[in-house]
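*Asks:* Quick note, the sequences are listed as chains A and B, same order.
Take the first sequence: its letter number 171 is residue 171 in the numbering used here, and every next letter is one higher.
Take the second sequence: its letter number 333 is residue 590 in the numbering used here, and every next letter is one higher.
Hints were generated in silico from the structure; no laboratory data involved.
All the pointers check out, no bait thrown in.
In silico lysine to aspartate or glutamate, EDC-like type, Cα no more than 20 Å apart, as pairs: (1) A/K145 to B/D306; (2) B/K387 to A/D151; (3) B/K756 to B/D661.
Derived coverage of chain B by chain A (criterion: at least 3 residues anywhere in the stretch with Cβ under 8 Å from a Cβ of chain A; other residues may be distant): (4) 300-309; (5) 313-324; (6) 338-349; (7) 366-372; (8) 380-393.
C-beta: ideal position from N, C-alpha, C; glycine also.
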Amino acid sequence: MTRSLRIGLAALTLASGPLGLAVDHDNLGAGRPLRFDDAESLSFREMAVEFGVVGEFPRRRTFGLGAALEFQYGVLPDSHLSIGVEPHWGGHGESFEFGAIELGFFHSFRQEIRNHPAVAAKVGLSQPTERGESTLLHLRGIVTKTGRQYDRWHLNLDAEILPDPKPGERRARYGAILGASLPLGYPRSFDTTGLAELAFQQGPLDGQGWTLSAGLGLRRQITPRAVIDFGIQSDLATGRGMDSVPFRFLAGYSTNF
Amino acid sequence: MNWTATTCAALALVSAAGLAFSQEEETPKPIPRQALEPPPKELPRWMRDPRLGEIYPRRGRYNFDVYRIEPLARDLNAIAVGHSMVYEAIVTGGAERLETQTYAIVDRVLRHPPKLMPAERSISPTFGRKYAFLEKVFDWTHVLHAQTVDVLASPRMTHAEKDAEIEALWNFYFDSVPYAITPLPMNMEYLDAQSYSGAFRKRYPKVNGLFWGYHWLQGAMYDMLYGATPLEQRLQYEVVGEQYRTVELYRTDRDFMPMFADTSPQFARRFPKIANAFDNLHMLHDLVNDILADPTLGELERDRQIQRAVWMILASTHAHESPMERDPHNALHDHRHFEGLPGMGMMKMSTPELMYMQGFGWMNLTECAHCSVRLPEDWSEGVGATVSAQGWTMNVRCVLCARDMAAETPGRAILRIATEDPTQILILISDEEGHWSSVRKDPVFLEVEGSHADCSDWSRAFTSRAAFDAYLKANADNPDLKGAKPLTLEEWSEREGKKPDTYARPKGPVPNPYRIEEGEAR
Chain A
1 MTRSLRIGLA ALTLASGPLG LAVDHDNLGA GRPLRFDDAE SLSFREMAVE FGVVGEFPRR
61 RTFGLGAALE FQYGVLPDSH LSIGVEPHWG GHGESFEFGA IELGFFHSFR QEIRNHPAVA
121 AKVGLSQPTE RGESTLLHLR GIVTKTGRQY DRWHLNLDAE ILPDPKPGER RARYGAILGA
181 SLPLGYPRSF DTTGLAELAF QQGPLDGQGW TLSAGLGLRR QITPRAVIDF GIQSDLATGR
241 GMDSVPFRFL AGYSTNF
Chain B
258 MNWTATTCAA LALVSAAGLA FSQEEETPKP IPRQALEPPP KELPRWMRDP RLGEIYPRRG
318 RYNFDVYRIE PLARDLNAIA VGHSMVYEAI VTGGAERLET QTYAIVDRVL RHPPKLMPAE
378 RSISPTFGRK YAFLEKVFDW THVLHAQTVD VLASPRMTHA EKDAEIEALW NFYFDSVPYA
438 ITPLPMNMEY LDAQSYSGAF RKRYPKVNGL FWGYHWLQGA MYDMLYGATP LEQRLQYEVV
498 GEQYRTVELY RTDRDFMPMF ADTSPQFARR FPKIANAFDN LHMLHDLVND ILADPTLGEL
558 ERDRQIQRAV WMILASTHAH ESPMERDPHN ALHDHRHFEG LPGMGMMKMS TPELMYMQGF
618 GWMNLTECAH CSVRLPEDWS EGVGATVSAQ GWTMNVRCVL CARDMAAETP GRAILRIATE
678 DPTQILILIS DEEGHWSSVR KDPVFLEVEG SHADCSDWSR AFTSRAAFDA YLKANADNPD
738 LKGAKPLTLE EWSEREGKKP DTYARPKGPV PNPYRIEEGE AR
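Using the sequences provided together with the hints, build the complete structure.
*Replies:* Have a look at this one:
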């Protein structure tokens with residue numbers, strides 16, 4: 001599979017990394033349903049499983065369907081490990097592919113206190129299961145800060161490094177996401193959070209430009225330990241040589257134990 | 258016990274009560290209002306740690322079993338919202354609207370409680386950011402609250418398994434973090450004698466009433482759940498929940514916050530560390546509320562006093578201290594508790610024997626509330642009961658005392674009665690007309706009324722006729738029990754005992770220590 005497709009599917013499913021957060025509708029993790037993380041890790045010794053599906057309607061390709069399954073474990077205070085897989089179908093006329101195995105480590109350096117934002121970082125390793133593919137390294141810095149009262153803003157800065165690029169591939173590409181979250185229904189209901197994002201991402205090939213995309217999502221608590229999520233995303237502008245995905249939908253389920 | 262001994266015991270009780278405050282040196286004095294003190298220079302390091310350090314609760318098959326009693330679960334969910342909304346309003350400039358707009362919003366949530374427990378941090382983000390160290394203490398102790406209730410609500414665990422798991426939960430709570438609350442009894446009079454004490458209840462009586470109503474339920478639910486079957490738990494919560502929603506939440510006339518051992522004496526006797534920790538948690542809420550409401554404190558001083566309030570109730574502040582130890586020069590380290598009740602610290606002007614209880618006056622906590630005879634140390638001998646009615650719970654010695662005390666009180670009541678089987682508590686619930694019912698099949702009662710000095714010999718409850726017969730056989734030498742007949746619940750319910758011959762009303766140093774004029778008391 002080409003790097004551009006792998007990266008595209010990563011964006012479809014678990015987006016910029018393999019990590020998600022604690023199972024609470026107001027705790028936000030990449031892929032559930034949008035691309036960004038907030039700066040909180042799982043609790044120490046917490047375990048969580050996340051499952052999601054994503055469908056995309058690209059402009060110059062066939063409909064693609066992906067899935068993501070991830071297990072997370074709070075290995076240390078303020079830190080968690082994760083492992084996940086992202087199988088997919090279609091998109092480039094291909095049949096089923098198992099995709100890569102995603103390994104990740106998330107660490108929260110500080111929570112938000114007074115006017116100081118919460119800060120976290122995560123490192124992910126995407127190990128392909130198919131021959132000829134290279135390992136990808138994801139790095140993400142996360143800052144979360146409250147706006148006026150309940151609205152929270154999440155800045156994610158991404159770097160993706162390909163240690164062994166093929167000809168024409170970028171060794172490193174960058175991205176940035178500005179996410180926002182707001183609990184919905186206060187003061188009458190307390191089980192839903194709305195999300196929005198604006199993402200900039202550099203193309204994976206030399207000479208490609210940037211893609212600007214936007215997304216909207218909802219996370220809803222359905223049991224004390226389970227959350228469902230829905231989201232839509234659209235590429236608003238694409239740079240030179242980039243495929244555009246006008247519409248993409250995402251749905252998922254998260255539980256902890 | 259023969260007649261002479263009985264009489265002597267009764268006379269001794271009467272005279273002891275009458276003499277309780279006859280000697281000048283024994284008369285407790287109110288603790289004067291304290292000057293504002295700074296927090297210690299060396300606060301625990303975790304209080305400045307910017308990391309969240311959240312720990313996942315202890316795993317167990319019981320987690321979230323409180324949802325099997327859905328009305329209780331929902332009421333507890335609403336309590337989390339109620340706490341958080343008020344704190345958020347205070348720190349975001351809404352203090353002036355606390356008794357009106359905020360109260361109305363919270364009241365609506367209480368009347369339409371959420372299905373699921375919200376994260377308090379999400380509802381009070383400003384408060385959580387400002388007092389992150391305080392939120393850690395609150396959150397972690399609330400986890401203990403939630404998990405102990407889950408254990409008690411679990412239908413899959415035996416009584417012994419529940420006891421063992423609650424002990425394990427306590428150890429997990431206490432050993433996992435440096436910010437556990439002390440399990441030692443604390444002198445509540447001292448903690449409530451800070452320079453700012455009382456400010457919140459004075460300025461925001463309705464909202465304070467809600468807080469104390471929450472704390473009433475968070476105490477009362479434990480005895481309601483303890484030793485009861487799932488059906489009994491649900492039936493009891495019909496009574497307890499109605500009392501909570503219609504009366505306790507809206508009371509503004511309480512003298513003091515509800516104490517855990519007042520509302521759940523049985524659980525408090527069994528798990529005194531937990532009872533004390535919850536009382537200390539609730540007192541921390543009061544301390545913080547009063548600090549935030551005191552108009553004489555500036556922003557910086559409020560922050561400092563909240564640091565000190567947290568420090569005062571931390572386990573680390575009282576490390577190497579023991580129950581009943583007392584520093585005569587510093588009431589912060591007064592860990593005396595009431596005699597026979599290690600799960601409650603000293604109250605205003607109380608002695609280890611006597612405490613003032615609103616609506617009842619001075620009470621000797623070692624004695625039956627109905628007949629004044631000494632209570633059993635525990636219920637393992639099949640002796641002892643509690644009566645819950647109109648929001649109060651009282652300890653009594655025998656089932657006659659329980660029944661008759663409930664009959665003197667209008668409205669529904671719950672009796673929790675020791676039986677010959679320590680793992681089986683007989684729970685009786687009355688309707689508005691005083692008719693008793695039980696989900697247990699065919700409980701049997703013994704009642705051959707005599708002097709109350711030995712009422713627990715002749716007034717008892719049994720789980721079966723066989724247990725009744727075994728008791729009579731074992732006590733064949735007791736002439737008072739000769740010819741005793743087993744009574745059905747219906748037969749027993751129709752009875753009414755005489756006024757106990759042993760009853761003596763204790764006297765305190767003042768009629769009501771909470772109603773002393775300001776200048777006189779402090």
